[in-house]
Amino acid sequence: MRKRRFFINAAIMTGSALLSRTLGMGFRVYMSNTIGANGIGLFQLICSIYFFCVTFATSGITLIATRTVTECFARGENAKGRRFTALCLYSALALSLTAAALLYAFSIPICDNILGDTRAALSLRVMALGLPFLALSACFRGYFYARRKAYITAGEQLLEQIAEIVIFAALAGTLAPLGIEYACCAVALGATGAEILSFIYTYYLYRRDVRRFRYSPVTGTGFFRKALSIGVPVTLSSTVRNGLSAAENVLIPRGLNDYGHSVNDSLSKYGIIAGMAMPLLTFPSAFLLSFSTLMIPELADAAATVKKSSIRHMTEKVLRFAFLFSAPATAVFFFFANSIGTMLFRETEVTAYIRILAPIVPLFYLDSVIDGMLKGLNEQLHYLTYNIIDSAVRVALITVLLSLFGIKGLIVVFFVSGILNTGLSLMRLIKVSEVNFKITDWVIKPLICAALPCVLLSLLQAFVPFMQNSLCTVLFLLLSLSAYLLLICAVGAVSKSELDFRSYLSPKAVKK
Numbered sequence: 001m002r003k004r005r006f007f008i009n010a011a012i013m014t015g016s017a018l019l020s021r022t023l024g025m026g027f028r029v030y031m032s033n034t035i036g037a038n039g040i041g042l043f044q045l046i047c048s049i050y051f052f053c054v055t056f057a058t059s060g061i062t063l064i065a066t067r068t069v070t071e072c073f074a075r076g077e078n079a080k081g082r083r084f085t086a087l088c089l090y091s092a093l094a095l096s097l098t099a100a101a102l103l104y105a106f107s108i109p110i111c112d113n114i115l116g117d118t119r120a121a122l123s124l125r126v127m128a129l130g131l132p133f134l135a136l137s138a139c140f141r142g143y144f145y146a147r148r149k150a151y152i153t154a155g156e157q158l159l160e161q162i163a164e165i166v167i168f169a170a171l172a173g174t175l176a177p178l179g180i181e182y183a184c185c186a187v188a189l190g191a192t193g194a195e196i197l198s199f200i201y202t203y204y205l206y207r208r209d210v211r212r213f214r215y216s217p218v219t220g221t222g223f224f225r226k227a228l229s230i231g232v233p234v235t236l237s238s239t240v241r242n243g244l245s246a247a248e249n250v251l252i253p254r255g256l257n258d259y260g261h262s263v264n265d266s267l268s269k270y271g272i273i274a275g276m277a278m279p280l281l282t283f284p285s286a287f288l289l290s291f292s293t294l295m296i297p298e299l300a301d302a303a304a305t306v307k308k309s310s311i312r313h314m315t316e317k318v319l320r321f322a323f324l325f326s327a328p329a330t331a332v333f334f335f336f337a338n339s340i341g342t343m344l345f346r347e348t349e350v351t352a353y354i355r356i357l358a359p360i361v362p363l364f365y366l367d368s369v370i371d372g373m374l375k376g377l378n379e380q381l382h383y384l385t386y387n388i389i390d391s392a393v394r395v396a397l398i399t400v401l402l403s404l405f406g407i408k409g410l411i412v413v414f415f416v417s418g419i420l421n422t423g424l425s426l427m428r429l430i431k432v433s434e435v436n437f438k439i440t441d442w443v444i445k446p447l448i449c450a451a452l453p454c455v456l457l458s459l460l461q462a463f464v465p466f467m468q469n470s471l472c473t474v475l476f477l478l479l480s481l482s483a484y485l486l487l488i489c490a491v492g493a494v495s496k497s498e499l500d501f502r503s504y505l506s507p508k509a510v511k512k
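Take the sequence shown: its letter number 36 is residue 36 in my numbering, and every next letter is one higher.
Mixed in with the good hints there might be a few duds.
[To be verified] Here are the simulated lysine-lysine pairs, DSS-like style, with alpha carbons at most 25 Å apart:
#1 438 to 308
#2 226 to 149
#3 431 to 308
#4 308 to 226
[As the list claims (entries may be wrong)] Here are the in silico distance ranges between beta carbons for each label pair:
#5 439 to 212: 39 to 49 Å
#6 200 to 23: 17 to 27 Å
#7 258 to 108: 24 to 34 Å
#8 472 to 239: 45 to 55 Å
#9 239 to 416: 21 to 31 Å
#10 448 to 475: 50 to 60 Å
#11 211 to 467: 41 to 51 Å
#12 102 to 416: 32 to 42 Å
Bear in mind the hints are in silico, worked out from the structure with no lab data behind them. Owing to the predicted nature of the structure, the values given are computational and were not obtained by experimental measurement. Backbone N, C-alpha and C define an ideal beta-carbon position, used for all residues, glycine too.
Sequences and hints are given; from them, build the entire structure.
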């Protein structure tokens, strides 16, 4: 029953995440074509400050709620689980109101002294209003993860994405012509409105669900000790990391400006990479993100009951699946970069960055999976420490390389960062889970199987003029993926057990 529920949840979350990511990617394309690369670049700077405030406002509340409530329900202490959820909500509200007030009050000094662009102040104030709603929704999300009710969080993601698109589309025609400041404000209003609707949706469903547990006057003894042990390392590490990330995002346009680009050209290049190329490259990871999120309570449960064989088995399965999934994405983005870039964006420059960054796609995807697994194994402190090291290295490299080499220096930073962060996290996961890493079967075979059909079909499209259109591009992508599936089965890169998703939770399902 539990395995069945897990995979129903996995299917729901994956389908929802893919739909949400598809809508999000479509929105990103629409937004970039509406407000331009400069607008995207400015909004990325706004988001760097906003996400730093989000870190303080949420303070790891989703993970705290998931871990504490999961443990309560696992022991049959339902009333205590309800009480712990309430305490999570009170904590989230207090922290988020503080963060919102500070962001709203200091938006102009932040823009003057940090971003160097006062046009961002209006958007920061608008987005500050949504912080309390975001934090409370994050708490409800953790509760529903603990309850294994993925359809609720899936519905929340879709509602939020659709609301953001609708609000932006309704306002963009009026605000975008007024200038880049108001164009970004339209995006901010869409994001804030979506957070409010998301909160209303999750609050209503939480109230319905929690009524199933009879209220009893239990104390919250042990909650704050447990929450602090989880939340403090997460919050401190995330605050430092996101602070460094914000510094990094601010330094990129400045570094490009020091190299010789104008202010607008620097914002444009930053917007093309951070707002167009990177979202496209990470778009397929929706499936892995859903899967890794659902693995947090499963691994936490196995760790709590000291089931080492289950931990090793689940970790091995998920890692192998991550490599199998990322190989075709890498090949597709590398060999079809021109076709995909011109099909989606008006900025032709984005195609070059898609191809250059495609080789590190597996590192992006693997890092997102490892994140969820380390959190489930109570290794979040190590993971966040690695992220801080990575961010510090990125800031140092950006400071030195961008003023000397311009955009080429930024590409070097991406590669060094991907290898460093994912490498450290992967080594830690292998150590704690005692997984036997098989590089030939997990990495080399899938990459070869993915590259072969992409090479042949991309060459065919390049040399046959009438095939150089969007319809043929989509057809060739589907053919490449189909050929990849056939090849990995033919060379034995995938065993029969990999095709039986029930085996991801049970070692007994795997045929030795």
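These are the hints, each one checked on the structure:
1. 438 to 308: Answer holds: residue 438 to residue 308 is near 19 Å, not above 25 Å.
2. 226 to 149: Status holds; Cα separation ~23 Å.
3. 431 to 308: Satisfied, since the Cα-Cα distance of roughly 12 Å is no more than 25 Å.
4. 308 to 226: Within the cut-off at roughly 23 Å; holds.
5. 439 to 212: 39 to 49 Å: holds, 48 Å
6. 200 to 23: 17 to 27 Å: holds, 20 Å
7. 258 to 108: 24 to 34 Å: holds, 25 Å
8. 472 to 239: 45 to 55 Å: Given range 45 to 55 Å: holds, Cβ gap about 48 Å.
9. 239 to 416: 21 to 31 Å: holds, 23 Å
10. 448 to 475: 50 to 60 Å: violated, 23 Å
11. 211 to 467: 41 to 51 Å: About 59 Å separates the Cβ atoms of residue 211 and residue 467, which means 41 to 51 Å is violated.
12. 102 to 416: 32 to 42 Å: Holds - the Cβ-Cβ distance for residue 102 and residue 416, about 33 Å, lies within 32 to 42 Å.
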